[in-house]
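Protein chains in written order, with the numbering used here: chain R, 1 to 116; chain L, 1001 to 1113.
Hints are computed from structural coordinates only; laboratory data are not their basis. Treat each hint with caution, since some may be false.
[Said to hold, decoys possible] Among chain R residues calculated to face chain L with C-beta under 8 Å, some are:
1. Q14
2. K42
3. F61
4. D62
5. F91
6. G108
Glycine is no exception: its CB is placed at the ideal position from the N, C-alpha and C atoms.
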Amino acid sequence: EPEVTQTPSHQVTQMGQEVILRCVPISNHLYFYWYRQILGQKVEFLVSFYNNEISEKSEIFDDQFSVERPDGSNFTLKIRSTKLEDSAMYFCASSAGDRGRNQPQHFGDGTRLSIL
Amino acid sequence: DQQVKQNSPSLSVQEGRISILNCDYTNSMFDYFLWYKKYPAEGPTFLISISSIKDKNEDGRFTVFLNKSAKHLSLHIVPSQPGDSAVYFCAASGWNYGQNFVFGPGTRLSVLP
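Same shape as in the complex, but just chain R (with noise of 0.2 Å):
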C-alpha cells in the first residue's frame, strides 16, 4: 500500500538554525499539508498545499515557516530561525482530493525536531 515518508526521523538543531523537513506525499494525490504535535498536546494543521500554493494556514505558521515542492515528489516544511517552542513532531499527509470532496489524509511518521 502507497505511503507517506518523511526524512529524516529525528532531527536535532540548534536554536536559531534553519531546518528542513522533508516529505515524500503518496503519488497519486493532489494535497499536502503539514501537522505538528508538541509533546502531551493535540495533532494541530500547519498548512495545506494544492496546486503548487498555499491553500490554507494556521495562524501557527507563520513568516518563519514555508513550504515547498521543489520536484514532483517531494514537499517541504522549512523553518528559518527555529525556536525552542518549535520542538514537536512534525507530520506531513497527503490526500487524493480528486473527486469532488474531502478525502481522507494519509500521514507519514512524523519527524521529531528537538530544538536546544
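Got chain R sorted already, so can you dock chain L onto it with the hints?
Relative to chain R, chain L alone:
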C-alpha cells in the same frame, strides 16, 4: 478553542468486549469526520470516515456513529483486541475537498488480555 473534544483521555477494556470512544464537536460547519489510530513513534493511521449524510458507517470490527443534532460521534470496536491498544483521534472537517482537519486531543485505549 476546542472545536473537537474527546473527553476521555483514556479507556481500558477487556479483550473481546466492545470499546466505545466518544467525540463531540462544536462547529456546525463540520460535515466530514475521520477516526485515526496512532501507535507510539508512528503517524496517525486512517481507520474509518463518516459524512454528515449518514448516521452510521461500518468497516469490519469498526463502526462509527454520527448524531449530527447532538454534534456527537462515536467509534465502536467489537470485539476489541490487544493490538487495538493505541491513541485514537477524532478529526473533523468541512465537506469540500482539500480542507484541513481539526483533531481532538485523543483517547488512549488499552485492551487488556
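These are the hints, each one checked on the structure:
1. Interface restraint check: R/Q14 against chain L, minimum CB-CB distance 24 Å, threshold 8 Å, status violated.
2. Checking R/K42 against chain L by beta carbon gives a least distance of about 4 Å; that is within 8 Å, so the hint holds.
3. About 11 Å separates the beta-carbon of R/F61 from the nearest beta-carbon of chain L, more than 8 Å, and the hint is not met.
4. The criterion of a C-beta within 8 Å of any C-beta in chain L is not met by R/D62, whose closest approach is roughly 17 Å, and the hint is violated.
5. With a cut of 8 Å, the hint placing R/F91 at the interface with chain L holds, because the nearest CB-to-CB distance is about 5 Å.
6. At its closest, the beta carbon of R/G108 sits 5 Å from a beta carbon of chain L; the interface hint therefore holds under the 8 Å criterion.
The earlier numbered hints that this structure contradicts are 1, 3, 4.
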